[in-house]
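Chemist: Position chain B against the provided structure of chain A, taking the given hints into account.
Protein chains in written order, with numbering that gives the first Met the number 0: chain A, 0 to 249; chain B, 0 to 249.
Mixed in with the good hints there might be a few duds.
Identical chains blur together in the list; that is why a pair holds if it fits in one copy or across any two.
Simulated crosslink set (DSS-like; lysine-lysine; CA at most 25 Å straight-line) [claimed, not checked]:
#1 Lys181 <-> Lys237
#2 Lys237 <-> Lys97
#3 Lys181 <-> Lys97
Hint data in this document are derived by calculation from the structure and do not stem from the laboratory.
Protein chains: 2
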Amino acid sequence: MPPRYEVIGVDGIPEVRPGDDVARLIVDATRAQGTPIVAGDVLVIGQKIVSKAEGRLVRLADVAPSAIATSIASGTGRDPRLVEIILRESRRVVRMDKGVLITETHHGWVCANAGVDQSNVDVDTVALLPADPDASARGLRETIRSLTAREVAIIIADTFGRPWREGLTNVAIGLAGFAPLKSYIGELDSAGRPLSATILAVADELASAAELVMGKLDRIPVAIVRGLPLTPSEEGSKPLLRDPARDLFR
Amino acid sequence: MPPRYEVIGVDGIPEVRPGDDVARLIVDATRAQGTPIVAGDVLVIGQKIVSKAEGRLVRLADVAPSAIATSIASGTGRDPRLVEIILRESRRVVRMDKGVLITETHHGWVCANAGVDQSNVDVDTVALLPADPDASARGLRETIRSLTAREVAIIIADTFGRPWREGLTNVAIGLAGFAPLKSYIGELDSAGRPLSATILAVADELASAAELVMGKLDRIPVAIVRGLPLTPSEEGSKPLLRDPARDLFR
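Here chain A stands alone, though its shape is the one from the complex (with noise of 0.2 Å):
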């Protein structure tokens, strides 16, 4: 039997606000469309979703921006509240250049603007990343067993681009339950070689292949990738980050 799973988009969660319960949303979600969560099933769920369930939410009038904010901004014509709210969420600015602000969150992810976005939150308010992407994973991970008693994992994800190639993927800031990371490193290739330098990006890969029927306009915010056979883990998504001293581009 050659290996196959399947993607499901989960639709019909409705607009989620501040202190939603974004588990029982997405578990009362999957039984209402006939697809409802069995073991094993990794829930792919968009950040936008468990930010506002989180309250990471913040309204431009409430911002005073610094002195510095108000330089970068006035330099690449962007609204100075913004770009405080970005200079906020970061540890580090990577580069700034051609109206593009690519920063280090506090997590330790490289993205545009910090990953604060405007899209699809009120008009004036912006979303935050997860304070703790990981630990909203673990923690709708234990809601949706409690509910269901079925063990799954968690990603949450955000679409990030990159440097050399055009367009966004979907990538993993936040993950529970398996090894974000899967290492063929000392098995042999088809020569009796050891394999060299081969980690592959799992966690990624499954945000990605799971954005294909998210779309971005939230109607469709979570989707199941069902039946693909993940190792258990509890290092969250940590692997994932290179370590600065390592980074050839930063």
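Modeler: Relative to chain A, chain B alone:
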């Protein structure tokens, strides 16, 4: 009905040799395992078997390293003949540090070692990327159409590293039959605001989805992605190439 799709590994493809008909091998293998190709399938094909079939193999014994290749090799502890091949496959060195050689290939892809790879080929031989992966994809698509009377899309894929994140992901280096980018620009979000800067690299997400069943040991060098509607296009992979003038990391 929620959107859903399936990914199916294609097992039982024999060791590929120069001159082999990869399209026929794939058609035969999909039939033999009981998952014959249907219209609309995306076939994601690992670069290695395409390179082998096209004879894109070089014996190290046949290579005389240049002075610069010898110099780079002595600084990194690598085989000067391998470095020579990497430089011949490159039009630009992007980074050379910490034992890593990242170059821009003649196609425009930025990756480690110009995609030159020693795994799963005979000892003392290396495999190059296909000379024109879009042409390879078009040819495979046409042959599959003539063998099956089915219209499919093709991705030639390889696993590349990326800055900032650990682990490789599978990406498209050549394709035929669909648009590699999906743009949401101009569509309205839930607050009625037009989305900006939202273009998804669906070709790379498809390659990543396929990798999850392909594995690195060449036992499953092909996967079918089935049930996902794509936008027909003849533009090939070029839209995935970022213009170096717009790239902050080159």
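Chemist: Determine for every hint whether it applies to the structure shown.
Modeler: Results of checking the hints against the structure:
In this homomeric assembly, Lys181 and Lys237 come within 25 Å of each other (Cα to Cα) only inside a single copy, at 14 Å, whereas the closest approach across copies is 30 Å. Taking the shortest alpha-carbon separations for Lys237 and Lys97, only the inter-copy value of 22 Å comes in at or below 25 Å, while the best intra-copy value is 30 Å. Taking identical chains as interchangeable, the C-alpha atoms of Lys181 and Lys97 lie at most 25 Å apart only when they sit on different chains, with a minimum of 23 Å there against 36 Å within one chain.
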